[in-house]
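Protein chains: 2
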Amino acid sequence: VEMIHIDHFGFLEDGTFKQRYLVADKHWQQPGGPILLYVGNEGDITWFCNNTGFMWEIAEELGAMLVFAEHRYYGESLPFGQDSYSDSKHLNYLTSEQALADFAVLIQNLKNTQPGAQHSPVIAIGGSYGGMLSAWFRMKYPNVVVGALAASAPIWQFPGMVPCGDFYKIVTQDFARSGYNCDTNIRKSWKAINNVSSTASGLQWLSEQFSLCTPLKTKNGIISFKGWLQETWVNLAMVDYPYEANFLQPLPRWPVQVVCKYLGFNSTVSDYQLLHGVSQAAKVYYNYTGSSSCLNMSESATSSLGWLGWTYQACTEMVMPMCTNGVQDMFEPEEWNFQVFSDECSAMFGVRPRADWAGTVYGGKDISSHSNIIFSNGGLDPWLAGGVTYNITDSLISIMIPEGAHHLDLRYSNDHDPPSVRAARALEVKYFQQWIRQATKTPQTSKT
Amino acid sequence: VEMIHIDHFGFLEDGTFKQRYLVADKHWQQPGGPILLYVGNEGDITWFCNNTGFMWEIAEELGAMLVFAEHRYYGESLPFGQDSYSDSKHLNYLTSEQALADFAVLIQNLKNTQPGAQHSPVIAIGGSYGGMLSAWFRMKYPNVVVGALAASAPIWQFPGMVPCGDFYKIVTQDFARSGYNCDTNIRKSWKAINNVSSTASGLQWLSEQFSLCTPLKTKNGIISFKGWLQETWVNLAMVDYPYEANFLQPLPRWPVQVVCKYLGFNSTVSDYQLLHGVSQAAKVYYNYTGSSSCLNMSESATSSLGWLGWTYQACTEMVMPMCTNGVQDMFEPEEWNFQVFSDECSAMFGVRPRADWAGTVYGGKDISSHSNIIFSNGGLDPWLAGGVTYNITDSLISIMIPEGAHHLDLRYSNDHDPPSVRAARALEVKYFQQWIRQATKTPQTSKT
Numbered sequence: 131v132e133m134i135h136i137d138h139f140g141f142l143e144d145g146t147f148k149q150r151y152l153v154a155d156k157h158w159q160q161p162g163g164p165i166l167l168y169v170g171n172e173g174d175i176t177w178f179c180n181n182t183g184f185m186w187e188i189a190e191e192l193g194a195m196l197v198f199a200e201h202r203y204y205g206e207s208l209p210f211g212q213d214s215y216s217d218s219k220h221l222n223y224l225t226s227e228q229a230l231a232d233f234a235v236l237i238q239n240l241k242n243t244q245p246g247a248q249h250s251p252v253i254a255i256g257g258s259y260g261g262m263l264s265a266w267f268r269m270k271y272p273n274v275v276v277g278a279l280a281a282s283a284p285i286w287q288f289p290g291m292v293p294c295g296d297f298y299k300i301v302t303q304d305f306a307r308s309g310y311n312c313d314t315n316i317r318k319s320w321k322a323i324n325n326v327s328s329t330a331s332g333l334q335w336l337s338e339q340f341s342l343c344t345p346l347k348t349k350n351g352i353i354s355f356k357g358w359l360q361e362t363w364v365n366l367a368m369v370d371y372p373y374e375a376n377f378l379q380p381l382p383r384w385p386v387q388v389v390c391k392y393l394g395f396n397s398t399v400s401d402y403q404l405l406h407g408v409s410q411a412a413k414v415y416y417n418y419t420g421s422s423s424c425l426n427m428s429e430s431a432t433s434s435l436g437w438l439g440w441t442y443q444a445c446t447e448m449v450m451p452m453c454t455n456g457v458q459d460m461f462e463p464e465e466w467n468f469q470v471f472s473d474e475c476s477a478m479f480g481v482r483p484r485a486d487w488a489g490t491v492y493g494g495k496d497i498s499s500h501s502n503i504i505f506s507n508g509g510l511d512p513w514l515a516g517g518v519t520y521n522i523t524d525s526l527i528s529i530m531i532p533e534g535a536h537h538l539d540l541r542y543s544n545d546h547d548p549p550s551v552r553a554a555r556a557l558e559v560k561y562f563q564q565w566i567r568q569a570t571k572t573p574q575t576s577k578t
Numbered sequence: 131v132e133m134i135h136i137d138h139f140g141f142l143e144d145g146t147f148k149q150r151y152l153v154a155d156k157h158w159q160q161p162g163g164p165i166l167l168y169v170g171n172e173g174d175i176t177w178f179c180n181n182t183g184f185m186w187e188i189a190e191e192l193g194a195m196l197v198f199a200e201h202r203y204y205g206e207s208l209p210f211g212q213d214s215y216s217d218s219k220h221l222n223y224l225t226s227e228q229a230l231a232d233f234a235v236l237i238q239n240l241k242n243t244q245p246g247a248q249h250s251p252v253i254a255i256g257g258s259y260g261g262m263l264s265a266w267f268r269m270k271y272p273n274v275v276v277g278a279l280a281a282s283a284p285i286w287q288f289p290g291m292v293p294c295g296d297f298y299k300i301v302t303q304d305f306a307r308s309g310y311n312c313d314t315n316i317r318k319s320w321k322a323i324n325n326v327s328s329t330a331s332g333l334q335w336l337s338e339q340f341s342l343c344t345p346l347k348t349k350n351g352i353i354s355f356k357g358w359l360q361e362t363w364v365n366l367a368m369v370d371y372p373y374e375a376n377f378l379q380p381l382p383r384w385p386v387q388v389v390c391k392y393l394g395f396n397s398t399v400s401d402y403q404l405l406h407g408v409s410q411a412a413k414v415y416y417n418y419t420g421s422s423s424c425l426n427m428s429e430s431a432t433s434s435l436g437w438l439g440w441t442y443q444a445c446t447e448m449v450m451p452m453c454t455n456g457v458q459d460m461f462e463p464e465e466w467n468f469q470v471f472s473d474e475c476s477a478m479f480g481v482r483p484r485a486d487w488a489g490t491v492y493g494g495k496d497i498s499s500h501s502n503i504i505f506s507n508g509g510l511d512p513w514l515a516g517g518v519t520y521n522i523t524d525s526l527i528s529i530m531i532p533e534g535a536h537h538l539d540l541r542y543s544n545d546h547d548p549p550s551v552r553a554a555r556a557l558e559v560k561y562f563q564q565w566i567r568q569a570t571k572t573p574q575t576s577k578t
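Line by line, the protein sequences are chains H and S.
All residue numbers for the first sequence refer to our numbering, where the first residue is 131 and numbers rise by one.
All residue numbers for the second sequence refer to our numbering, where the first residue is 131 and numbers rise by one.
These are computed hints drawn from the structure, not numbers from a lab.
Ideal Cβ positions, reconstructed from N, Cα and C, are used throughout, including at glycine.
Some clues are possibly wrong.
Unchecked claim - Selected chain H positions facing chain S (Cβ under 10 Å, derived; list incomplete):
id	residue
1	140
2	239
3	493
4	495
5	496
6	500
Stated by the list, open to error - Here are some chain S residues the structure puts well away from chain H; computed CB gaps all over 10 Å:
id	residue
7	147
8	211
9	306
10	352
11	374
12	377
13	437
14	552
Unchecked claim - Distance windows between CB atoms, simulated:
id	chain 1	residue 1	chain 2	residue 2	range
15	S	245	H	290	10 to 20 Å
16	S	241	H	548	39 to 49 Å
17	H	144	S	419	44 to 54 Å
18	H	144	S	348	31 to 41 Å
19	H	519	S	180	41 to 51 Å
Please take these sequences and the hints and turn them into a complete structure.
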């Protein structure tokens, strides 16, 4: 652990907290061998560490030290211990800028104290929100990292940058191509749920079909139920990996195809038949191992992710507009309404989101003056919608993995990996080597 | 004025304040003509506006709008009005990062609301601390400004970057070359003050010679007196302009030469003769106009500068080590002692400085990945010590003005200007035009 200032941008709060980081230096060639820094995102760092096999697999080739740094307010890196989430006062230091400053201070301290690390070039690596941080880290602290891999990083999923409907369109496309009528039947299912749940017996039937731990009772319950199902389809699209894996949940290979096997009805299907299929499909996601006695609507993914913290971040800086229209996507139509969102945030946390801030502080689409960032994206990943999918300059590179879901490239290699992800990883390593060579050739001016 | 968030890096404090900015658009060629943004420093923006003739003189040639933006906590841009300086809680938002965020939000708002400004390339211009902000603004917000002129900006005057004694060495060199024995006699004067002030009659004589408003009474008074004189020599070196000017004080042309006329004694001078000369010299600085009836030790420069605010900033982020040894400089030896400094800050403001933060957040000497910044420096300016005095890359440019004092290039042109400053200004304009062309050729990706 490293002692880090709770507030990097003010001096009244002079407390520190223990930031957790994991180090693996078995293959590190000191002095001066590179450091691969995993830029932690919204969860427990050990979980990300275990799900980022790519770093472990390339450490020897690069002679690199691996550092996995935990993001403040997640895992064990709690600025105020058990009180960190107690109120908006304690949550006030949960921002991406503070997290980036943590990483910068951590690396500077490491270089100043670890023998042989002083001139080590550091490369930032991250996925999803961690990928955004990774890109932003290179943009804001190019003195600390020589380059960054931003895997499946939706740095443009902010107001005014991309259409709000693209995200759910991609989810829908995944289902459409994974089985006959799969998207069509999911699109139909919302009305079927409304129909069936309109009677008490229908409600009971629904709860039983889905083996819900807490039976549905109210209209609000139905809204939550549909939201939970929508999130399930999104998560399935995100983790549609070509092999059996356990990221958000334990799942079979190509899980969307498995799910779609239960959703291949033709147009004559009844509401009850359809929803039976939907329940079978949902159980692929929630009970692949067969160990769940009931489905808990409040748990849609691994508990290693810090959903409350992320909700706070979404309610402040990370304003990501999403919308559906039910035509180009398979969901019930819902517009993006910033005011409603802002009011919910205010009720929940006592803070209001600032829609334009992320674009101002991180550059939005005007990032061409930066350098040495790889943006990798998977063609199956809904977060592709907000990603950088073309080369901006010859050192702001896009790598597409058409058969990839959410940051597939960061995972351990697998016999079932499509050629595109193998090529992506090879190219990423090539860029890493190039950045390391650049940094070694033109050493940073040493301090006097 | 523009309504700006008091805290850009936290969401609990959701108050706003009125940031003042001045606009001159007489010569602006809309739509799309460039904007020259003066990045305000630690003082009243109208004073900087009046002392930055360079911008007024080039506006027509560039077809530019001029914007002078005031730095928070100075002038009229007070986040908490009259309470802004009342305690460390209210001072908590006085940081360079918050100020840069103010400027970024201000420009983004201006572009979104001012017809014809949406695609205007913005160039940041500043001097001294404002020059540091100008360079940092380009580094941190290249999406907002296409380039920056950082005039006399000591971005390396931070711990571990340059020797702490260089600043006072340059002051000394200025005096050494401005008159026979000038530095030697100032070096002698400290002992002479100690000698003369050791008796009550000597103290009284000193107070009378210097026409002090408040006579010297104590040993602490003598320490303050010597500190005040030291600051006087520093300020004279800073404003050693080749023509009569009124920046920190109304002064004759080449004021250090004028001062040195009173300090040309040979080695046989008595303490009393020497100090009489020193008093005459000091009065050049404090009473050139002849309108002062007495000298006030608490006022060493224009009241347009916010010394309390700057002292707070020096006590938090802007940690600038200075030291003297009495050999290579003309001052009493004094080591840089961070702990003593930190304790003074703690006593004064209840905060402690963070020695390494500025280097981490602004890159220290490792800034080569940035672009489009001109660092101009004057050979007579003590702040040259912490400046960038060589080209780092072909778009991180150093311009030296050997006969220039503190950001001479930013001032109105004058018949007495040395050729070097004329050439510097011409080159600066050439770079501005190049940046503007670049930005116009490759327009920033427009928002959807």
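Do the hints match the structure? See the list:
1. 140: 5 Å, holds
2. 239: 9 Å, holds
3. 493: 4 Å, holds
4. 495: Given a least distance of 4 Å, the restraint on residue 495/H holds.
5. 496: 4 Å, holds
6. 500: 7 Å, holds
7. 147: 15 Å, holds
8. 211: 19 Å, holds
9. 306: Since the minimum Cβ distance to chain H is about 25 Å, residue 306/S lies beyond 10 Å and the statement holds.
10. 352: Per Cβ check, residue 352/S is outside 10 Å of chain H; nearest 33 Å; holds.
11. 374: Residue 374/S clear of chain H: closest Cβ-Cβ about 39 Å, beyond 10 Å.
12. 377: 30 Å, holds
13. 437: Fine: 18 Å to the nearest Cβ keeps residue 437/S off the interface.
14. 552: 30 Å, holds
15. 245/S <-> 290/H: 10 to 20 Å: 19 Å, holds
16. 241/S <-> 548/H: 39 to 49 Å: At roughly 44 Å between Cβ atoms, residue 548/H and residue 241/S fall inside 39 to 49 Å, so the hint holds.
17. 144/H <-> 419/S: 44 to 54 Å: Holds - the Cβ-Cβ distance for residue 144/H and residue 419/S, about 46 Å, lies within 44 to 54 Å.
18. 144/H <-> 348/S: 31 to 41 Å: 34 Å, holds
19. 519/H <-> 180/S: 41 to 51 Å: 50 Å, holds
No hint from the list above goes unmet by this structure.
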